[in-house]
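Participant: Sequence:
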Amino acid sequence: MKPKRFLDGRVTLRAGDCLKVLAQLPENSVDAIVTDPPYHLTSITERFGAIGAAPAKSGKTGAFKRAGAGFMGKKWDGGDIAFRPGTWRAMLRVLKPGGYLVAFASTKGFGRMQVAIEDAGFISHPLTAFLTQHPDAQPFLESLSDSQVSAFMQLLVHNDLGGMLGWVFGSGFPKATRIAAPGYEGWRYGGQALKPAIEPIYMGQKPFSEANGTDNILLWGTGGINIDGCRVPTEETLRGGAGKLWSHLRYGGEPQDNRAHAETASNLGRWPANLIHDGSDSVVSNFPATAGAFAPVTGDEPSNTSSKNVYQLRDRVPSVHHGDSGSAARFFYSAKATAEDRVGAKHPTVKPLGLKQYLCRMVTPPGGVILDPFAGTGTTGEAAFREGFRAVLIEREPEYIADIIRRLELAADPAKRAAVVAAAGEALHGAEGTPLFSDTPKEAAE
11 MKPKRFLDGR VTLRAGDCLK VLAQLPENSV DAIVTDPPYH LTSITERFGA IGAAPAKSGK
71 TGAFKRAGAG FMGKKWDGGD IAFRPGTWRA MLRVLKPGGY LVAFASTKGF GRMQVAIEDA
131 GFISHPLTAF LTQHPDAQPF LESLSDSQVS AFMQLLVHND LGGMLGWVFG SGFPKATRIA
191 APGYEGWRYG GQALKPAIEP IYMGQKPFSE ANGTDNILLW GTGGINIDGC RVPTEETLRG
251 GAGKLWSHLR YGGEPQDNRA HAETASNLGR WPANLIHDGS DSVVSNFPAT AGAFAPVTGD
311 EPSNTSSKNV YQLRDRVPSV HHGDSGSAAR FFYSAKATAE DRVGAKHPTV KPLGLKQYLC
371 RMVTPPGGVI LDPFAGTGTT GEAAFREGFR AVLIEREPEY IADIIRRLEL AADPAKRAAV
431 VAAAGEALHG AEGTPLFSDT PKEAAE
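Add 10 to the 1-based position in the sequence shown for the working numbering, that's all there is to it.
To be clear, the hints were calculated from the coordinates, so they are not data collected in a lab.
Misleading hints may appear alongside valid ones.
Cβ-Cβ distance ranges computed for the label pairs, FRET-style [stated by the list, open to error]: (1) Asp423 <-> Lys30: 29 to 39 Å; (2) Ala425 <-> Trp197: 46 to 56 Å; (3) Glu37 <-> Ile133: 40 to 50 Å; (4) Arg406 <-> Ser39: 31 to 41 Å; (5) Ala221 <-> Glu37: 16 to 26 Å; (6) Ile235 <-> Tyr199: 36 to 46 Å; (7) Trp197 <-> Pro408: 16 to 26 Å; (8) Gly26 <-> Leu229: 27 to 37 Å; (9) Lys14 <-> Ala428: 15 to 25 Å; (10) Tyr199 <-> Ala425: 46 to 56 Å; (11) Gly200 <-> Gly19: 28 to 38 Å; (12) Gly131 <-> Trp197: 38 to 48 Å; (13) Asn222 <-> Ala433: 49 to 59 Å.
Since this is a predicted model, take the numbers as computed values, not measurements.
All residues carry an ideal CB built from backbone N, CA and C; glycine is no exception.
Starting from the given sequences, assemble the full structure and let the hints guide the process.
Facilitator: Shown next, in the form of structure tokens:
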């Protein structure tokens with residue numbers, strides 16, 4: 011199949027194995043990579059044995075005769091392509107120096123994928139999380155004590171987990187088995203005994219070819235993050251100082267270049283954070299609203315007298331702060347994939363178009379080319395088009411190639427797309443039986 015072009019030639023679809031297609035692309039030819047590779051999950055599903063399902067892996071005992079070799083029992087999710095350094099090395103070759111890689115993953119496989127990406131030569135960046143709350147998952151948070159909920163949310167907001175963006179959601183269901191033995195009531199076992207609530211997203215960067223970031227950006231156009239384009243709108247007046255943070259002064263440091271910490275107002279919006287949520291009341295209400303380490307310092311907070319090696323904390327000077335309240339309002343939000351996002355596709359891991367647009371906008375220079383070597387249903391291609399970029403999509407599976415073609419043809423005609431969505435109605439309401447990403451999650455029967 012020859013490359014197919016859509017949307018006035020701005021999106022190109024190349025059918026075939028991604029490694030073979032990547033080998034045909036020129037070196038240093040794309041500005042960013044935004045992709046959703048296979049998760050390589052072993053799954054037990056009611057649809058085991060269906061067309062397209064992975065073969066059984068029974069071993070000598072037959073104990074795992076119902077286990078598929080991939081997520082939802084699909085062959086394309088089996089294997090280990092996302093865990094091979096060679097896969098990411100092939101992407102590194104075509105990515106321009108300083109260009110960013112954004113790749114979704116599962117919580118189970120994120121660690122192996124990150125190691126493979128780093129072994130290929132990428133530099134890891136910090137965590138980002140997408141947080142959402144489906145009503146059916148409310149029992150998960152209700153099962154936690156107030157202190158546990160607070161600790162969980164603080165972990166998401168404040169921790170740097172190294173190289174991981176994360177999409178946190180609440181629509182998944184655990185797949186756990188009861189223990190049929192006295193004294194173990196309330197206990198379960200299984201590979202997914204906990205309710206799935208976060209989908210990590212790796213963020214990394216190809217090393218600069220030049221001595222510093224500015225020279226690299228001037229040469230290649232890649233290496234910067236679009237901060238202003240991804241700011242979170244707010245009605246508050248945000249303030250910041252010109253010198254170092256006051257924490258530097260508390261630890262005995264000097265003001266930067268002797269500059270004063272004068273207040274400067276800004277209406278650009280909040281600096282983009284490494285957490286994304288869906289904006290629902292059930293999510294927002296769980297964020298800590300009280301002042302803490304990341305809340306404004308007013309100068310009259312009590313200090314911990316037992317702290318060691320901390321100086322000048324007893325008499326704090328009122329700090330100039332950026333105005334964040336510590337609530338979920340600080341973060342960008344994007345809802346889960348809707349019927350319109352799917353446009354009839356039955357792919358089990360369709361991502362929200364708005365989320366993909368946000369990620370593309372964050373890491374791609376104006377007019378840049380975005381690569382997605384695991385295109386799925388083509389969400390990255392449409393997101394790139396909507397944001398004014400170009401895209402190169404690679405997909406091997408015929409059923410998803412058909413989904414991509416349909417999506418991109420409808421993207422060129424919004425009126426036709428709306429008519430298709432309206433006519434299909436409930437038929438577009440998510441992938442049947444999808445345990446993690448559908449708006450109508452299915453309870454695990456095991």
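Participant: Could you run down the list of hints and mark each one as holding or not?
Facilitator: Now for the hints, and whether the structure bears them out:
{"no.": "1", "hint": "Asp423 <-> Lys30: 29 to 39 Å", "in the structure": "33 Å, holds"}
{"no.": "2", "hint": "Ala425 <-> Trp197: 46 to 56 Å", "in the structure": "55 Å, holds"}
{"no.": "3", "hint": "Glu37 <-> Ile133: 40 to 50 Å", "in the structure": "19 Å, violated"}
{"no.": "4", "hint": "Arg406 <-> Ser39: 31 to 41 Å", "in the structure": "21 Å, violated"}
{"no.": "5", "hint": "Ala221 <-> Glu37: 16 to 26 Å", "in the structure": "21 Å, holds"}
{"no.": "6", "hint": "Ile235 <-> Tyr199: 36 to 46 Å", "in the structure": "42 Å, holds"}
{"no.": "7", "hint": "Trp197 <-> Pro408: 16 to 26 Å", "in the structure": "44 Å, violated"}
{"no.": "8", "hint": "Gly26 <-> Leu229: 27 to 37 Å", "in the structure": "32 Å, holds"}
{"no.": "9", "hint": "Lys14 <-> Ala428: 15 to 25 Å", "in the structure": "24 Å, holds"}
{"no.": "10", "hint": "Tyr199 <-> Ala425: 46 to 56 Å", "in the structure": "52 Å, holds"}
{"no.": "11", "hint": "Gly200 <-> Gly19: 28 to 38 Å", "in the structure": "48 Å, violated"}
{"no.": "12", "hint": "Gly131 <-> Trp197: 38 to 48 Å", "in the structure": "44 Å, holds"}
{"no.": "13", "hint": "Asn222 <-> Ala433: 49 to 59 Å", "in the structure": "55 Å, holds"}
Hints 3, 4, 7, 11, counting from the list given before, are not met by this structure.
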